[in-house]
Amino acid sequence: MLAKRIIPCMDVTAGRVVKGVSFVELRDAGDPVEIAKRYDEQGADELTFLDITASSDDRSIIFHIIEKVAEQVFIPLTVGGGVREVQDVRNLLNAGADKVSINTSAVVNPQLVADAAGRYGSQCIVVAIDAKQVAPNKWEVFTHGGRKATGLDAVEWAIKMQALGAGEILLTSMDQDGQKKGFDLALTRAVTDALEIPVIASGGVGNLQHLADGVTQGGADAVLAASIFHFGEYTVQQAKQHMAQQGIEVRL
Amino acid sequence: MVDIAIVDYGMGNLRSVYQAVRKVAPGANVVVSGEADVIASAKRVVFPGQGAAPDCMREIRERGLDKVIAAAVAAGKPFLGICMGLQVLFEHSEEGDTPCLGVISGQVTRFAHSLRDAQGNKLKVPHMGWNGVHHAEHPLWDGIEQDARFYYVHSYYVQPSDKDIVQGTSDYPQPFVCAVSRGNLFAVQFHPEKSAAAGLKLLENFVNWNPV
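Note that the protein sequences, when read in sequence, are chains A and B. The first sequence begins at 1 in our numbering and counts up by one. The second sequence begins at 1 in our numbering and counts up by one.
Worth flagging that the hints you see were computed from the coordinates, not collected in a lab. Using N, Cα and C, we set each Cβ at its ideal position, and we do this for glycine too. A hint or two may mislead.
Stated by the list, open to error - Output of the computed footprint for chain B on chain A, the stretches with three or more beta carbons under 8 Å from beta carbons of chain B:
{"id": "1", "segment": "1-9"}
{"id": "2", "segment": "27-37"}
{"id": "3", "segment": "71-78"}
{"id": "4", "segment": "87-97"}
{"id": "5", "segment": "116-130"}
{"id": "6", "segment": "193-206"}
To be verified - Just the calculated beta-carbon pair ranges, DEER-fashion:
{"id": "7", "chain 1": "B", "residue 1": "Asp37", "chain 2": "A", "residue 2": "Ala186", "range": "57 to 65 Å"}
{"id": "8", "chain 1": "B", "residue 1": "Leu115", "chain 2": "A", "residue 2": "Val134", "range": "30 to 38 Å"}
{"id": "9", "chain 1": "A", "residue 1": "Gly151", "chain 2": "B", "residue 2": "Asp164", "range": "53 to 61 Å"}
{"id": "10", "chain 1": "B", "residue 1": "Asn121", "chain 2": "A", "residue 2": "Arg27", "range": "34 to 42 Å"}
{"id": "11", "chain 1": "B", "residue 1": "Pro26", "chain 2": "A", "residue 2": "Ala186", "range": "49 to 57 Å"}
{"id": "12", "chain 1": "A", "residue 1": "Lys180", "chain 2": "B", "residue 2": "Asn121", "range": "39 to 47 Å"}
{"id": "13", "chain 1": "B", "residue 1": "Asp164", "chain 2": "A", "residue 2": "Ala186", "range": "44 to 52 Å"}
{"id": "14", "chain 1": "B", "residue 1": "Lys23", "chain 2": "A", "residue 2": "Glu34", "range": "15 to 23 Å"}
{"id": "15", "chain 1": "B", "residue 1": "Ala70", "chain 2": "A", "residue 2": "Lys180", "range": "53 to 61 Å"}
{"id": "16", "chain 1": "B", "residue 1": "Gly27", "chain 2": "A", "residue 2": "Glu196", "range": "40 to 48 Å"}
{"id": "17", "chain 1": "A", "residue 1": "Glu71", "chain 2": "B", "residue 2": "Asp164", "range": "33 to 41 Å"}
{"id": "18", "chain 1": "B", "residue 1": "Pro26", "chain 2": "A", "residue 2": "Arg27", "range": "32 to 40 Å"}
{"id": "19", "chain 1": "B", "residue 1": "Arg58", "chain 2": "A", "residue 2": "Glu71", "range": "30 to 38 Å"}
{"id": "20", "chain 1": "A", "residue 1": "Leu252", "chain 2": "B", "residue 2": "Ser41", "range": "39 to 47 Å"}
Bound-form chain A, shown alone:
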């Protein structure tokens, strides 16, 4: 049967992998190509790169990184950050990305999701949703790296993105991100139960049990983590073994 996926995520700026806490306070984690190769060797199921470069001048750096990774790593690569038009999707795919993640621009211009999925297929369009709890069992979508409230309900937004052609949802809890206390399981469950397409849980992983909980309690199809892998606390292989011990199907 289909395995639950473990996806290391790399936030990239100025050619380096960095990690922040709740979207601020960046810490250097190393060279993206080297890190990507290491995760591939550890058995990562996919890799995600988020270009968090603020200035559009430095956008070209991510293309060189993806080109280099794609020459050496033969697992799916997702790239997001600063995707504003269909041409951006095309450029990333041409550089070697298999999927492109759209976040803020999906809110600003939902038609972008429909156009990109129509042109390149739903299989390569991931919509990233940054959500924050605003009431019991209610989460709001935020954009611009978590700085701007949208007034959109996260579950309803995910359903709309699916209808427009998203192939997958990357769901990040802003409350949990960087806190190392585990995913927002209620948020994950609410979104995954509402959708037909796969959901990747993100934000808050501090130990291996958090990854397992994302699948067994949150109902996620894939789990994404950054800092527990970047700073050598755990390997992807250890994460998979931990999940397998709890009866979760993984690719060992």
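Fit chain B to the known structure of chain A by using the hints.
Chain B in isolation, oriented as in the chain A frame:
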């Protein structure tokens, strides 16, 4: 002289396929092309594809590649279909009610809605991620373990009329056909170019394959 042609009909990203083929055939002349004469001159043909069946078939027909593909298969040269390059070889796809190439008899069908696994968990569509492949005996499976996992992303699967051509199945939750072969033709639903060591092994077997 073109050793391996990767058929380009504007659907999907062929760079991954190109990189992976280059990796397993470092000395070969590998080209990505939509030109009929280039594909016709190649010793081996890889036929990938992503996206929706109606768009794929429109692009294939508009570029005149339907005849080129049929000719490549008929010419007996090693031919590898991947993902949509498997599905459009069949007669008809449920996706957009699309007539396809008819190189292989059978239909392409969507996974049912509201699928559940044995524990009652919802199974998402597209079927996306790594699933085990139960495979038959064939030179393209050489060195690949039984139930090795390959990377998939698709919502439709093939149903060949002739069960003798089935070379592999995966479960979601019922078994579905993920690989077929007939003579010089081999085609798979998963993405060998994105399936790490197992996928590269299958591609390596393809570039070394000499069907009789």
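Hints, one by one, checked against the model:
no.: 1; hint: 1-9; result: holds (count 5)
no.: 2; hint: 27-37; result: violated (count 0)
no.: 3; hint: 71-78; result: holds (count 4)
no.: 4; hint: 87-97; result: holds (count 5)
no.: 5; hint: 116-130; result: holds (count 5)
no.: 6; hint: 193-206; result: holds (count 6)
no.: 7; hint: Asp37/B with Ala186/A: 57 to 65 Å; result: holds, 59 Å
no.: 8; hint: Leu115/B with Val134/A: 30 to 38 Å; result: holds, 33 Å
no.: 9; hint: Gly151/A with Asp164/B: 53 to 61 Å; result: holds, 58 Å
no.: 10; hint: Asn121/B with Arg27/A: 34 to 42 Å; result: holds, 36 Å
no.: 11; hint: Pro26/B with Ala186/A: 49 to 57 Å; result: holds, 51 Å
no.: 12; hint: Lys180/A with Asn121/B: 39 to 47 Å; result: violated, 27 Å
no.: 13; hint: Asp164/B with Ala186/A: 44 to 52 Å; result: holds, 50 Å
no.: 14; hint: Lys23/B with Glu34/A: 15 to 23 Å; result: holds, 19 Å
no.: 15; hint: Ala70/B with Lys180/A: 53 to 61 Å; result: holds, 57 Å
no.: 16; hint: Gly27/B with Glu196/A: 40 to 48 Å; result: holds, 45 Å
no.: 17; hint: Glu71/A with Asp164/B: 33 to 41 Å; result: holds, 39 Å
no.: 18; hint: Pro26/B with Arg27/A: 32 to 40 Å; result: holds, 39 Å
no.: 19; hint: Arg58/B with Glu71/A: 30 to 38 Å; result: holds, 32 Å
no.: 20; hint: Leu252/A with Ser41/B: 39 to 47 Å; result: holds, 43 Å
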